[in-house]
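Keeping their order, the protein sequence lines are chains B and U. Following the numbering used here, the residues of the first sequence are numbered contiguously, the last one being 316. Following the numbering used here, the residues of the second sequence are numbered contiguously, the last one being 252.
No wet-lab data here; the hints were simulated from the structure. Keep in mind that a hint or two might mislead.
[To be verified] Computed spacing ranges between beta-carbons, pair by pair:
(1) B:40 to U:231: 21 to 31 Å
(2) B:2 to U:33: 21 to 31 Å
(3) U:215 to B:29: 25 to 35 Å
(4) B:46 to U:224: 36 to 46 Å
[As the list claims (entries may be wrong)] Every beta carbon over 12 Å from chain U, so not counted as near; a handful from chain B, in silico:
(5) 1
(6) 2
(7) 23
(8) 30
(9) 47
(10) 55
(11) 231
Yeah, the Cβ is synthetic: ideal placement off N, Cα and C, and Gly gets one too.
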Amino acid sequence: MSVLLLAEHNNQHLSTSMENCLGAAQQITNTVDILVAGYQCGAVAKEASELPVRQVLVADNLCYEYGFAENTAPLIATLAKPYSHIMAPASTFGKDIIPRLGALLGVGVLSDVITILDERTIERPIYAGNAIETVKSHDPIILMTIRPTAFQSACKSTQPAEIIPIDTVIEASGVHFCSHSATTSKRPELSSAQVVVCGGRGLKSKEQFALAFELADSLGAALGATRAAVDAGFVPNDYQVGQTGKIIAPQLYIGIGISGAIQHIAGIKDSKIIIAINHDENAPIFDVADYGLLADLFTAVPELIQLLRDKGEKSC
Amino acid sequence: MKILVPLKRVIDYHVRIKVKADGSGIDTNQVKMSINPFDEIAIEAAVQLKEQGIAHSIVLVSIGEDACQESLRAGLALGADCAIHIKTNSPLSPFVVASLLKEVVEREKPDCVIAGKQAIDGDHNQVGQMLAGLLNWPQATFASAILVKQNNPRVFEVTREVDGGSTTIEIDLPAVITTDLRLNIPRYATLPELMKAKHKPLTVLMPDEFSVKITPHIERLSVRTPAARKKGVRLKTVAELVDVLKHTEGLL
Ligand SMILES: Cc1cc2nc3c(=O)[nH]c(=O)nc-3n(C[C@H](O)[C@H](O)[C@H](O)COP(=O)(O)OP(=O)(O)OC[C@H]3O[C@@H](n4cnc5c(N)ncnc54)[C@H](O)[C@@H]3O)c2cc1C
Ligand SMILES: Nc1ncnc2c1ncn2[C@@H]1O[C@H](COP(=O)(O)O)[C@@H](O)[C@H]1O
Numbered sequence: 001m002s003v004l005l006l007a008e009h010n011n012q013h014l015s016t017s018m019e020n021c022l023g024a025a026q027q028i029t030n031t032v033d034i035l036v037a038g039y040q041c042g043a044v045a046k047e048a049s050e051l052p053v054r055q056v057l058v059a060d061n062l063c064y065e066y067g068f069a070e071n072t073a074p075l076i077a078t079l080a081k082p083y084s085h086i087m088a089p090a091s092t093f094g095k096d097i098i099p100r101l102g103a104l105l106g107v108g109v110l111s112d113v114i115t116i117l118d119e120r121t122i123e124r125p126i127y128a129g130n131a132i133e134t135v136k137s138h139d140p141i142i143l144m145t146i147r148p149t150a151f152q153s154a155c156k157s158t159q160p161a162e163i164i165p166i167d168t169v170i171e172a173s174g175v176h177f178c179s180h181s182a183t184t185s186k187r188p189e190l191s192s193a194q195v196v197v198c199g200g201r202g203l204k205s206k207e208q209f210a211l212a213f214e215l216a217d218s219l220g221a222a223l224g225a226t227r228a229a230v231d232a233g234f235v236p237n238d239y240q241v242g243q244t245g246k247i248i249a250p251q252l253y254i255g256i257g258i259s260g261a262i263q264h265i266a267g268i269k270d271s272k273i274i275i276a277i278n279h280d281e282n283a284p285i286f287d288v289a290d291y292g293l294l295a296d297l298f299t300a301v302p303e304l305i306q307l308l309r310d311k312g313e314k315s316c
Numbered sequence: 001m002k003i004l005v006p007l008k009r010v011i012d013y014h015v016r017i018k019v020k021a022d023g024s025g026i027d028t029n030q031v032k033m034s035i036n037p038f039d040e041i042a043i044e045a046a047v048q049l050k051e052q053g054i055a056h057s058i059v060l061v062s063i064g065e066d067a068c069q070e071s072l073r074a075g076l077a078l079g080a081d082c083a084i085h086i087k088t089n090s091p092l093s094p095f096v097v098a099s100l101l102k103e104v105v106e107r108e109k110p111d112c113v114i115a116g117k118q119a120i121d122g123d124h125n126q127v128g129q130m131l132a133g134l135l136n137w138p139q140a141t142f143a144s145a146i147l148v149k150q151n152n153p154r155v156f157e158v159t160r161e162v163d164g165g166s167t168t169i170e171i172d173l174p175a176v177i178t179t180d181l182r183l184n185i186p187r188y189a190t191l192p193e194l195m196k197a198k199h200k201p202l203t204v205l206m207p208d209e210f211s212v213k214i215t216p217h218i219e220r221l222s223v224r225t226p227a228a229r230k231k232g233v234r235l236k237t238v239a240e241l242v243d244v245l246k247h248t249e250g251l252l
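In isolation and in its complexed conformation, chain B is listed as follows (with noise of 0.2 Å):
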């Protein structure tokens, strides 16, 4: 057995849900060989390289500059007969490209994955995690996305791997590069921050959310958010955290303003601590919460941002 790991990155650098889906990948075997495809990306195919796989196949050129589906697609079907199975993270990146591979394989895709309990059996979430499939691939290759937070992540090899490069030339037809714009902030990043601050419709407006900012600073937090506060424009899409958005297991959770609909818990009911912050005894957020305050959160959240900064003070 033999995986091929497709390489989330920037062309700079290497996604950190990489360590992740490489801890997944070693539960079936320890021959691991990661795809690295981009433009300039030799600083990337480096980092890949630090990491206890087998090699490291980077495919630089210009065409492959954005990850296009298009072409890293056929480009891995190129490349996939060796290998039993294909991962890569179930991020909006991996989902964008497996099951197109899948397509030109002819095979199924298994997303999310949750665990992996043999070569062909995992476990998965269905119904925004108010449930959990056991399921069986019968195909030939085995495709799959995996969801980091659910994996521990591989450690750091001490011999680089080597590094093959890869000449294979496929454009991306019928598709073009307009512009990006990326959500850019000081904070941990949301997916893999070990602290998480939401807010929700109940900050009330885009100058009020700033309270929820204030008390991720004071927590050197992440900053998420729900699905009613980005339609409402308090944050921008990528903040988004439930079934829909991202899906994050911090060691702590705090909610603010948020009622617990089903696909907001779906994203974040694997964190280690939840606690919650809202003045409607009956919200469900209440439910999944290990600690809860109930409190208008207008005076809670700035007492208890105060309350932080005086214990920053004392233990310096």
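Chain U with the ligands: place on chain B using the hints.
Just chain U with the ligands now, kept in the frame of chain B:
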């Protein structure tokens, strides 16, 4: 321009689902069913293109049991022109769905397929991408905006919601687009439209009219309820909360 919208009938998103006692699946008995929310968004996108004079006809397709026809009628009432039901009671993988849709595309020859990004029952997020791959068409997944190029209506400018921000691309038709939540807010059907929908053409096809083999290449072995979280504690003051974080959980 003709637009094809695949539509799945799913348990309504308000319903709290129950796993069957024997672990074979989800209980759908007496449960409210609806059009997959992302597919409603896809229909709305198609209808808006029709209102802009870009599209002239909208074809819906649903694959599944008899009751899919109810969902197709509901979709017709939202502004689609005709519908195709592929009738089967077999469990379907996204690959099988995409393979059937590919043949529908070959028969109907649409200029564009607009599908949902995911069906909220299986949460696969695969069919659109697979269909694009099978057809060798460009794909624009997770669309939050679709603009038709002024100088060339055969090119769509699509904004995609991706991790870390949003990306805008241009795709040449024919192409597959999958919808994200913020693409639009679907309208409600009015009573006259519901009446009119009853008389719109709905064709029923059987899977054996297609060359696709419906095999359980991805086999569901069982379904379980996820482990419940332990019962939580109610706190009264912010000071208590800070104390718990610091002392009980050792997190600060
Ligand atoms: C197909 C589909 C997919 C979806 N995917 C997602 C998803 O990925 N993520 C997601 O989050 N949602 C998703 N949703 C939306 C989801 O169903 C809910 O509508 C949304 O999560 C609600 O957000 P909210 O809790 O911020 O808002 P609300 O439900 O409006 O809750 C606001 C809460 O704030 C509390 N509040 C108000 N004022 C105060 C105050 N002063 N002090 C304290 N508390 C206060 C209220 O008591 C209330 O509980 C999806 C919906 C659909 C149909
Ligand atoms: N049985 C089906 N019939 C028609 N369309 C479907 C079916 N299953 C999935 N689709 C379409 O494919 C999209 C993505 O579904 P999935 O890949 O299963 O999450 C849905 O939003 C629908 O547009």
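Each hint tested on the structure:
no., hint, in the structure
1, B:40 to U:231: 21 to 31 Å, "violated, 53 Å"
2, B:2 to U:33: 21 to 31 Å, "violated, 43 Å"
3, U:215 to B:29: 25 to 35 Å, "holds, 27 Å"
4, B:46 to U:224: 36 to 46 Å, "holds, 42 Å"
5, 1, "holds, 19 Å"
6, 2, "holds, 21 Å"
7, 23, "holds, 19 Å"
8, 30, "holds, 26 Å"
9, 47, "holds, 18 Å"
10, 55, "holds, 26 Å"
11, 231, "violated, 7 Å"
In summary, the structure is inconsistent with hints 1, 2 and 11 from the numbered list given earlier, while agreeing with the others.
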